[in-house]
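These are the residues of each chain, in order.
Protein chains: 2
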Amino acid sequence: MNKKSKEKSILILFGEKVRAERLKQHLSQEKLAEKAGLHRTYIGMIERAEKNITLENIKKIADALKVKITNLFEEL
Amino acid sequence: MNKKSKEKSILILFGEKVRAERLKQHLSQEKLAEKAGLHRTYIGMIERAEKNITLENIKKIADALKVKITNLFEEL
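Sequence order for the protein chains is H and U.
If you're matching positions, the first sequence starts at 9 in this note's numbering and goes up one per residue.
If you're matching positions, the second sequence starts at 9 in this note's numbering and goes up one per residue.
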């Protein structure tokens, strides 16, 4: 895995974690976005690893999912 | 703590964690920046919570410190 794909994989892994937790809680992307105070389309972009998310938005998503930030990074 | 200071506190807490881990490993900001492939001044800004760091740069710093991302977010 070259450096670029290794970095990109963190975005893919994080996106998959957010999606899995969101579905576990039976939340739509819209509902999670509303809870997190983020735009509806932004959640989709994060789950598809199309955005290099910032720490403040990671915190907003973790709070909205009522999980600790570490929960979104286990095994990453 | 209002919403803004609560969000900002994640940047302050993260900056403190990076600094503590860096000092534990007797690394200068310059050395950590070099290892992480980031600009020397960027590490200082992260430690002072002056930048809303992105996930890819969080990963670069964790890798440079040879810790897991979760280690930088324990108790946050």
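Don't take each hint at face value.
Chain copies aren't distinguished; within one or between two, either way the pair holds.
Unchecked claim - Derived pair list, reagent style DSS-like, types lysine-lysine, alpha-carbon separation capped at 27 Å:
hint, residue 1, residue 2
1, LYS59, LYS43
2, LYS39, LYS76
3, LYS32, LYS43
4, LYS74, LYS25
5, LYS74, LYS59
6, LYS25, LYS39
7, LYS25, LYS76
In short, the hints are calculated from the structure, not lab data.
Going through the hints against the structure:
With identical chains, the CA atoms of LYS59 and LYS43 are at most 27 Å apart both within one copy (19 Å) and between copies (24 Å). In this assembly of identical chains, the alpha carbons of LYS39 and LYS76 lie at most 27 Å apart only when taken from the same copy (19 Å versus 30 Å across copies). Taking the shortest Cα distances, LYS32 and LYS43 sit within 27 Å of each other inside one copy (16 Å), while across copies they are farther apart (38 Å). With identical chains, the CA atoms of LYS74 and LYS25 are at most 27 Å apart both within one copy (14 Å) and between copies (22 Å).
Taking the shortest alpha-carbon separations for LYS74 and LYS59, both the intra-copy value of 22 Å and the inter-copy value of 25 Å come in at or below 27 Å. Taking the closest pair of Cα atoms, LYS25 and LYS39 come within 27 Å of each other only inside a single copy of the chain (17 Å); across copies the shortest separation is 32 Å, beyond that limit. Within a single copy, LYS25 and LYS76 get their C-alpha atoms as close as 12 Å, and across copies as close as 16 Å, so both meet the 27 Å cut-off.
In terms of the numbered hints stated before, the structure departs from none.
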